[in-house]
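To convert, take the position in the sequence shown, counting from 1, and add 4; that gives the numbering used here.
What the hints contain is simulated information worked out from the structure, not anything from laboratory work. Check each hint, because a few of them may be wrong.
[Stated by the list, open to error] As a list, the in silico DSSO-like pairs of lysine-lysine whose alpha-carbon atoms are at most 27 Å apart:
1. Lys124 to Lys221
2. Lys157 to Lys250
3. Lys221 to Lys210
4. Lys250 to Lys235
5. Lys71 to Lys277
6. Lys91 to Lys250
7. Lys199 to Lys185
8. Lys210 to Lys199
9. Lys71 to Lys124
10. Lys250 to Lys210
11. Lys124 to Lys210
12. Lys124 to Lys199
[Claimed, not checked] Have a look at the derived ranges for each label pair, beta carbon to beta carbon:
13. Pro380 to Met293: 46 to 56 Å
14. Val141 to Gly115: 48 to 58 Å
15. Gln251 to Ala198: 19 to 29 Å
16. Thr87 to Gln251: 27 to 37 Å
Being a predicted model, the structure only gives us computed values, none of them experimental. Quick reminder that beta carbons are idealized off the backbone N, C-alpha and C, glycines included.
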Amino acid sequence: MNLISTIKLVYRTLLARKGRSFLTILGIVIGVAGVIIIIALGAGAQSLVLSQVNKLGSDLLSIQPGKSNEKGPPSQAFGIVVTTLVKEDAEALRDPSRVPHAVGVMGGIQGSDTLVWQNKDTDVTFSGVEYTYTDIVSLTMEEGRFISEEESKGSANVIVIGSQVRDELFGETNPLGQVVKIKNVPFQVIGVVAKRGSFMFQNQDKQVFIPLGIAQKQLVGINYLQSITIKVDSADNMDQTISDVKQVLSEQHRIKRPEDEDFTVRNIADAIKIFTTVTDALRLFLLAMASIALVVGGIGILNIMMVTVAERTREIGLRKAVGATNSAIRNQFLLESGILTSLGGIIGIIVGVVVSYLAAVGARMAGLDWEFIVSPLSIVLAVGISIVTGVIFGIYPAIRASKLDPIEALRYE
5 MNLISTIKLV YRTLLARKGR SFLTILGIVI GVAGVIIIIA LGAGAQSLVL
55 SQVNKLGSDL LSIQPGKSNE KGPPSQAFGI VVTTLVKEDA EALRDPSRVP
105 HAVGVMGGIQ GSDTLVWQNK DTDVTFSGVE YTYTDIVSLT MEEGRFISEE
155 ESKGSANVIV IGSQVRDELF GETNPLGQVV KIKNVPFQVI GVVAKRGSFM
205 FQNQDKQVFI PLGIAQKQLV GINYLQSITI KVDSADNMDQ TISDVKQVLS
255 EQHRIKRPED EDFTVRNIAD AIKIFTTVTD ALRLFLLAMA SIALVVGGIG
305 ILNIMMVTVA ERTREIGLRK AVGATNSAIR NQFLLESGIL TSLGGIIGII
355 VGVVVSYLAA VGARMAGLDW EFIVSPLSIV LAVGISIVTG VIFGIYPAIR
405 ASKLDPIEAL RYE
C-alpha cells in the first residue's frame, strides 16, 4: 500500500470515530494553545513594561530601603518592611556640593484608600511627594497647579487629583477649592493632572498627590520613606552619581563597609534587567505547566491508540491475511497518531493566537499600551512539539499492531 492509499485509509478511519478523535487531540490542543498564549503574553508584558520604563528616560536613579541582591528585586517586593530611608536622607542628597549631578531629588511613599467628596467616593492611589516631584516627572496640569515648596515643607492639607478622579467625583463642577477627605483627613483640591493613562499596570488617572509629611503622619502613620528618586543631569554621569549617592547615604547612616549598606541604588537599566529576569523565570515555569498538559495529551493518545488497536484486531488480521506487511500496518497507526497530534497542534495554534489577540485587545481597552506579539518561533515550537508527541506516544501502539499474528487476530472476538 502506497502513502496516498494509507492517508486515505487513515482519513476514513478518523472520520468514522469523530468523538474519539476529538477526545484524543483535546490534550494536545490545550498544551499547544498554552505554549502560544504563555509566550505571547510574556512577550507582550515585557514589551509593555520596557516601553513604559524607557519613557522615564535613562537618567533616573531609584533608592530603595534595605540591601538586596543587585540582580534580584528589592526587599519590599516580598512584603518586607524596611525603614532605613528617612526625609533627612533626601535632604542630604539634595545638597549640590555632595551630589553635583542631581537635578531633582524626591522622597516618597504610596498607599491606596477611598477619596470622599460630599456623598460621593472613589478608590485612589495616593502618593506622598515633595515639591521636587515635577523636577523628576513631567506632568501636564489640566487645571490649577502642583504642590508648592511651602506647601510641601509645611505639610499643608492640599491635594492634586488625576483626571479620572475629577470626572468621577465632580463631573461638571469645578474641583478647584473643593475639600475632599482621605481617612477623614480634609484636603483642598489645588490642581488636576491631565490624562496620563496607565503605567506599570497602574491607572495614573486615579492617582492623587499630597505633601509627603501629611501622608506620612496622618494617612500611613510612618516616619520613613519607601523610596527616593533622583534625576541625573546626564546618563553619562550615572556611575559617578551612584557613587556619590552611596557615599552620602553611608555617611548619613554611619556605615563603614559596603557590605553593611542598608539601602539599594538602582538605575533604569538595572530595573529592566531585573524585570526581564523575573518574567523569563515565570514564563519558564508556565511553559513547564503547559508541557505537562502536552504529556497528559500524549498519554491520552497512547491509551486511545491502544484501545483502537484492540478494537481493530480482526481488521488488522484481515489486512495482514491479504498481504499487508508489518511496516504498512505500523505506518498506518503511526500516521493516525501523527495526523491527530498535528491536527491538535493546528487547532491549538489557532486557539492560542485568538486568545492572545483578545487578551491584547482587552489590555488596550483597559488603557495599557499592549502589543500583540506571536513569534514565528513559538508557532514552529508548538508544531514541532505536537508532531514529536504524536510520534513518541504513537509508536508503541503502532509497533504492537504490526506484530499481531494474522491467524490469532482473525480469531479475536
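Taking the hints in turn, this is what the structure says about them:
no. : hint                         : in the structure
1   : Lys124 to Lys221             : 25 Å, holds
2   : Lys157 to Lys250             : 25 Å, holds
3   : Lys221 to Lys210             : 22 Å, holds
4   : Lys250 to Lys235             : 15 Å, holds
5   : Lys71 to Lys277              : 18 Å, holds
6   : Lys91 to Lys250              : 16 Å, holds
7   : Lys199 to Lys185             : 22 Å, holds
8   : Lys210 to Lys199             : 10 Å, holds
9   : Lys71 to Lys124              : 43 Å, violated
10  : Lys250 to Lys210             : 34 Å, violated
11  : Lys124 to Lys210             : 15 Å, holds
12  : Lys124 to Lys199             : 21 Å, holds
13  : Pro380 to Met293: 46 to 56 Å : 23 Å, violated
14  : Val141 to Gly115: 48 to 58 Å : 18 Å, violated
15  : Gln251 to Ala198: 19 to 29 Å : 39 Å, violated
16  : Thr87 to Gln251: 27 to 37 Å  : 22 Å, violated
When each numbered hint is compared with the structure, violations occur for hints 9, 10, 13, 14, 15, 16.
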